[in-house]
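Enquirer: Sequence:
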Amino acid sequence: MFSPEGPTVRELAVQALSSVDRGYDLLAPAFDHTPFRTPDRFLDATAAALAPLGPFDAGLDLCCGTGAGLRVLAPLCRKRVTGVDFSAGMLAQAAAAPPPAEGPRPEFVRADARALPFDQAFDLVVSFGAFGHFLPAERPGLFRQVHRALRPGGLFAFPVGAPPPVTSPWYWAMAGFDGAMRVRNALWRPPFVMYYRTFPYSGVRADLAAAGFDVALDALDEVGRRSDGSPRAGLVLARRA
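Here our numbering is used: the sequence shown runs in plain steps of one and ends on residue 241.
These aren't lab readings, by the way, just hints derived from the structure by calculation.
Don't take every hint at face value.
Said to hold, decoys possible - As a list, the in silico EDC-like pairs of lysine to aspartate or glutamate whose alpha-carbon atoms are at most 16 Å apart: (1) K79 to D40; (2) K79 to E102; (3) K79 to D57.
As the list claims (entries may be wrong) - Have a look at the derived ranges for each label pair, beta carbon to beta carbon: (4) G229 to P117: 40 to 48 Å; (5) P136 to P190: 16 to 24 Å; (6) W170 to E138: 34 to 42 Å.
For each residue, glycine too, the CB sits at the ideal point set by N, CA and C.
Let the sequences and hints guide you as you build the complete structure.
Expert: If you want it as structure tokens, here you go:
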């Protein structure tokens with residue numbers, strides 16, 4: 001499915017009926033050949049936006065998956081780069097990949113983002129495409145974990161897409177996916193948390209501020225603009241005060 005190297009429909013069905021960590025362990029070898037991997041244009045736009053704000057000493061890729069975001073992070077950091085994920089399969093794929101062309105060689109830690117084993121260890125934390133795996137009630141605790149992992153003045157940065165208008169097919173596709181996932185989780189255990197519409201910027205901004213961040217949103221113009229002239233995506237820049 002998606003490409004000759006990607007997962008089959010059967011493999012995706014098995015993944016969807018698993019827990020989140022077990023599902024990603026199963027998907028890991030083919031993950032980079034699916035649409036679930038963050039597109040390069042988002043990674044490149046984020047790298048370009050963060051470059052003038054660095055360099056940073058130590059950086060963390062939160063929920064790093066197979067490590068695509070580490071090529072953004074590594075050139076920005078002078079001393080240390082870490083990828084953290086709770087899927088052993090995804091971390092194995094990340095560790096086996098060629099290291100970034102620039103910057104420190106990444107190290108990897110298996111941990112739950114809701115219980116990070118770090119205290120004032122990083123100057124920059126980035127994350128790509130992972131927040132659909134956290135329920136809205138979990139966001140405040142997640143952001144407090146990131147706040148604790150950052151040094152004073154440290155930066156938490158991640159891209160967010162503009163919500164599609166109700167007239168867009170993407171609006172209804174995401175609504176349909178979220179609806180199907182809610183039905184699945186009501187009928188099947190263990191739950192598989194993956195929703196596309198539970199991370200609105202207004203709620204995210206409020207939760208970041210409550211966790212102790214000063215929050216700004218910059219347009220990612222490299223990703224393009226919609227027909228009404230508004231940006232297709234923005235970069236959240238949350239700085240630990």
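Enquirer: Does the structure break any of the earlier hints, and which numbers would those be?
Expert: 1 and 6
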